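Chemist: Chains A and B supply the protein sequences, listed in that same order.
The working numbering puts the first residue of the first sequence at 1, with every later residue one more than the last.
The working numbering puts the first residue of the second sequence at 359, with every later residue one more than the last.
The hints are simulated quantities; they were obtained by calculation from the structure and are not laboratory data.
In this text, all values refer to a predicted model and were calculated from it rather than measured experimentally.
Heads up, a few of these hints could be off.
[As the list claims (entries may be wrong)] Coverage of chain B stretches by chain A, computed from C-beta distances (three or more under 8 Å per stretch; other residues unrestricted):
| # | region |
| --- | --- |
| 1 | 434-445 |
| 2 | 466-475 |
| 3 | 534-547 |
| 4 | 581-592 |
[Said to hold, decoys possible] Straight-line C-alpha distance at most 20 Å; calculated PhoX-like pairs for lysine-lysine:
| # | chain 1 | residue 1 | chain 2 | residue 2 |
| --- | --- | --- | --- | --- |
| 5 | A | K181 | B | K786 |
| 6 | B | K474 | A | K150 |
| 7 | A | K181 | B | K474 |
Just so you know, even glycine gets a beta-carbon here, dropped at the ideal spot from N, CA and C.
Single-letter residue listing:
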Amino acid sequence: MLYREAGQFKTSYAADQQLFPIRQDRMGILILLAVVFLVIPATASEYWFSAILIPFLIFSLAALGLNILTGYAGQLSLGSAAFMAVGAYAAYNFQLRIDGIPILVSFVCAGLTAAGVGILFGLPSLWIKGFYLAVATLAAQFFIVWCLTKFPWFSNYSSSGVISAQQLIIFGHELTSPQEKYWLVLSIVTVMALAAKNMARSSTGRAWMAVRDMDVAASVIGIRLMPTKLLAFAISSFYCGVAGALYAFCYLGSVEPDGFSLDMSFRILFMIIIGGVGSILGSFLGAAFILLLPIFLDIAFPWVAGLLGLPFSSATVSHIQVLVFGTLIMFFLIVEPHGLARLWQITKEKLRLWPFPH
Amino acid sequence: MFKYRKSVLTAAVSIALLSPAALAAGEQYFPITSYRVGPYGANGQSFFGGFVDYLNYVNIKEGGVNGVKIAWEECETEYNNAKGIECYERMKDRAKISTGPIHPMSTGISYALIDKTATDKIPMAMVGYGRTDAVDGSVFPYAFPLVTTYQMQASAIIKFLKEKEKGSLAGKKIVFLYHDSAYGKEPIVALQEEAKLNKFELTVIPVAHPGNEQGAQWLKIRQENPDYVIFWGWGVMNQTAIKAAQKIGFSRDKMIGSWWAGSEEDTVPAGDAAKGYMSATWNVAGKDVPLIADIEKVVYGAGQGNLGDISKIGTILYNRGVSAAVLSVEAIRKAQEKYGEGKAMTGEQVRWAMENLNITDARLKEIGATDLLPEIKTSCDNHEGSGKIKIQQWDGEKWVVVSDWIEGNKTLIHPLFKASAQQYAKEKGITPRDCSKES
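Please put together the full structure from these sequences, using the hints given.
Modeler: Given below as structure tokens:
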């Protein structure tokens, strides 16, 4: 009843081509943005900013990056965490070595550095596909972490190899409170997510999807495989690189190469599998599921246990949490193999007919 | 609209869940970021078991610190940095009212918390791990690498070897075999300085994480044929190294591990190969220490013990947990002396106490912890407070202490911390405090 596009006529090409063609969607996005930009900063506690919202946004961005490569261009990658590491270390080094460089420029440069490295490790994709490519990107994962550990120049000869992010100064103002960091992360993520959504329906995005669905057919209709695949690697790594820089500067504050382990790459991959492969919204839903659900379970269990008077130790709670989390992953994959984003799509389709489905 | 209503509802519910349980007035709160599951869960169980048992012991035996009961809350980190931060943020609100020092027991988590704890005015103790240049309290007011650091430990090991070699290491060959991470790399600078000073030849050989494959490294050690191997291992790497040493026929009594390579968890799985292996330690193992025996009697007697597996009482890591708790409780005591006995102490007050700790042997004897840990005396420019270790040797069944307390070369090592802390201050734009003005 509320969600129906009847009566919305498009009278210009611009109206027909806009990012959200349905009015209710536009309203929804605007309300959502208003909430996350204005309402949440005014109401959320420090815990919410530092422990939940900031990591959620950063991992959403990384998942978005991987989704561009894997979901849209069909190139399986296991190196996302390594590209994040490149971004984090590059941003640190730009800040350190170039006097007076604005932090946002550092972030962009960090993204570009990651993109360059991404192109390098994307080269094998011209010859190999599927699982074999995943193994090739695994090399990126190990090589980059090894490289950052091996050459002390990257960590400015710190004896421990740990880098500690510099201050965040934007237009002469130092961002210190979690709230300000949240705004910064949110702004960057919003811009990049909208850019990704736009890109996905442009000729570039359509070329990626053509390559994903069948690369021989794509090359027959005139899509050049090499630039298309390498562009996907570059843009995906750019997103991951910026996510890595934010991870170091706005979330942890200090990082070491070992922190960007294969384990983290897998988590990002699980985020897009659960959230929805080839969907912008899916990246966010997946990140929320993988990051927030364990925290929620962690908090809810002792509470429930206390209510029922069960003597759970914190170790037992952790074990149960892992169990439930694993079960939920299986449940969602069985119920909806196309991810949470698909569930949302189905809901939308149902909403169009509600309350009178035929 | 459904979507928003639902998310608002979830948010409301979770906020309700998150609001900290009311702290009974006058209780001394201890936030504990522990790990009992995950890759290092076994180590965490012993350490945090000892830690919690001692807090409980103080509550049962003395009714708290000068009558102030200790309350604690545990949050599982799984040795994971992100989870550690989440835990810290979750417990922070309570800790702002009253707190004991946080012990992250993970170098990664302590690095991630170092700025946050300083902003929130919550003291953090890194007993035998963590950011070592925090010894310089002028730059790191809220971080305390108490007892001793990796660098001082490496220096003390060299001193031990020098004594063993009748006063000179000149011309000797020493291999440093290390876990290729922040933890393993930190002592290298100190060892290089020692090598210059004592004229021995130092070769450093890294082992990639997790270290369950060390064939190439030990082949190199065989070629080098060093007089000693100083070994900075962690987790599964330790037993692998001990077994590999046996395989190439390198005498285990010429191998000295760090204190993270010297627990029962490392030697027992290596079996016979571990006999004769030595390691550094800043606390002793065993139930001979009166305090440990008393904890077993009082806490486990009352059925309130924290360990599931009682056989872990008296192990090196359990005793380490007790030692860490002793330091924390002594800090609370010290703070109460200055800010009022019988009150719960805030983070700022505990911080002052940790900077002015003076735990003498006499005091250790009073609490029954004679020789469990060295004497501690901290100050603004020395957050370490001791720098002493003992060397222990595995006799096939248990750890036997084979030396007295050995202090590292402070005049050589402390300037390194100072320089590193200054660099950190510069990078971060921190103006160091003037330690001469602190009381």
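Chemist: Indicate, hint by hint, whether the structure satisfies it.
Modeler: Structure-based check of each hint:
1. Restraint check on the region 434-445 of chain B versus chain A: 6 residues with Cβ-Cβ distances below 8 Å, three needed, restraint holds.
2. With 6 residues having a beta carbon nearer than 8 Å to a beta carbon of chain A, the region 466-475 of chain B meets the requirement of three or more and the stated coverage holds.
3. Note: the region 534-547 of chain B has 8 residues with beta-carbon separation from chain A under 8 Å; the three-residue rule is met and the coverage holds.
4. Restraint check on the region 581-592 of chain B versus chain A: 0 residues with Cβ-Cβ distances below 8 Å, three needed, restraint violated.
5. Taken as a hint, the A/K181 and B/K786 pair is honoured in the structure, with Cα atoms around 17 Å apart against an allowance of 20 Å.
6. Taken as a hint, the B/K474 and A/K150 pair is broken in the structure, with Cα atoms around 29 Å apart against an allowance of 20 Å.
7. Between A/K181 and B/K474, the direct Cα distance comes to roughly 14 Å. Compliance with the 20 Å bound is thereby established for this hinted pair.
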